[in-house]
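**Student:** One-letter residues, chain by chain:
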Amino acid sequence: MSRFSPGDKVRVLADFARPGHVRTPWYCRGKTGVVERVCGEFRNPETLAYAKDGLPSLPLYRVRFAQRALWPDYRGGADDAVEIEIYEPWLTPGED
Amino acid sequence: MSENTQNRRHHDMGGLPAGPVEGPIDGGDHEPDLWEKRVDAMMVCLGNSARDGKRLITIDQIRRAIEDLPPDAYDTMSYYARWVHALSTILAERGVFTPDELAAKLAEVEARAAPEAGPEARG
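Keeping their order, the protein sequence lines are chains L and B. Take the first sequence: its position 73, counting from 1, is numbered 90 in the working numbering, and each next residue is one higher. Take the second sequence: its position 109, counting from 1, is numbered 207 in the working numbering, and each next residue is one higher.
It is possible that some hints are incorrect.
To be verified - If you want the footprint, here are the derived chain B segments under chain L, 3+ residues with CB under 8 Å: (1) 110 to 119; (2) 154 to 165.
Stated by the list, open to error - From the derived model, a few chain L residues whose C-beta atoms are all more than 10 Å from chain B: (3) Phe21; (4) Gly24; (5) Glu58; (6) Pro76; (7) Arg79; (8) Arg81; (9) Trp88; (10) Glu105.
Don't read these hints as lab results, they were simulated from the structure. Beta carbons are placed, not taken as given, at the ideal position from N, Cα and C, and that holds for glycine.
Bound-form chain L, shown alone (with noise of 0.2 Å):
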């Protein structure tokens, strides 16, 4: 079961202790979106870099942010975007 759908704003846990390979960038820590998609369940990668079995597999959302809340100084439109796939245990709810 999902915990966000299509609309809600998420933020992005800034300090998610966690040793070794993960799948959130960097660049999105701490930031804010919008969930875009829920793309389904799937094994954990974070797991399976290390030969575990990945299981129980996560939600998975592709999250939609605006350029100009994840860079500073950015010059391009106010509507540009990227949207990134984050397994939902790197999400909490964003404020309103």
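Since the structure of chain L is provided, determine the placement of chain B on it from the hints.
**Tutor:** Relative to the frame of chain L, chain B by itself:
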């Protein structure tokens, strides 16, 4: 909103300043050397092989092994050299061979190849 300034690993460089870029970017396109083709083939074969009911090599493990390289090595090793590092690391972890056996085989191949120029010596 808190700013994340920690826990960035070396490979995770998206968004960092590129620094000065002079002239056209060298994308590294070239006709693969024989050893590179062999590494590629080995990766495909191992990816379709299993041990103890699990795939021997998966993309997640390969990424992890490459990301674990020290920054200097990450920056200077070629694409397929990183693959070789990942393959040998993972196969040793899975018990396919021991590091000692790998070292012995490398020494044997090195001795056999010594009279002729190795790949590094080619122009």
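**Student:** Identify every previously stated hint that the structure contradicts and give their numbers, smallest first.
**Tutor:** Hint check: 9 fails alone, others pass.
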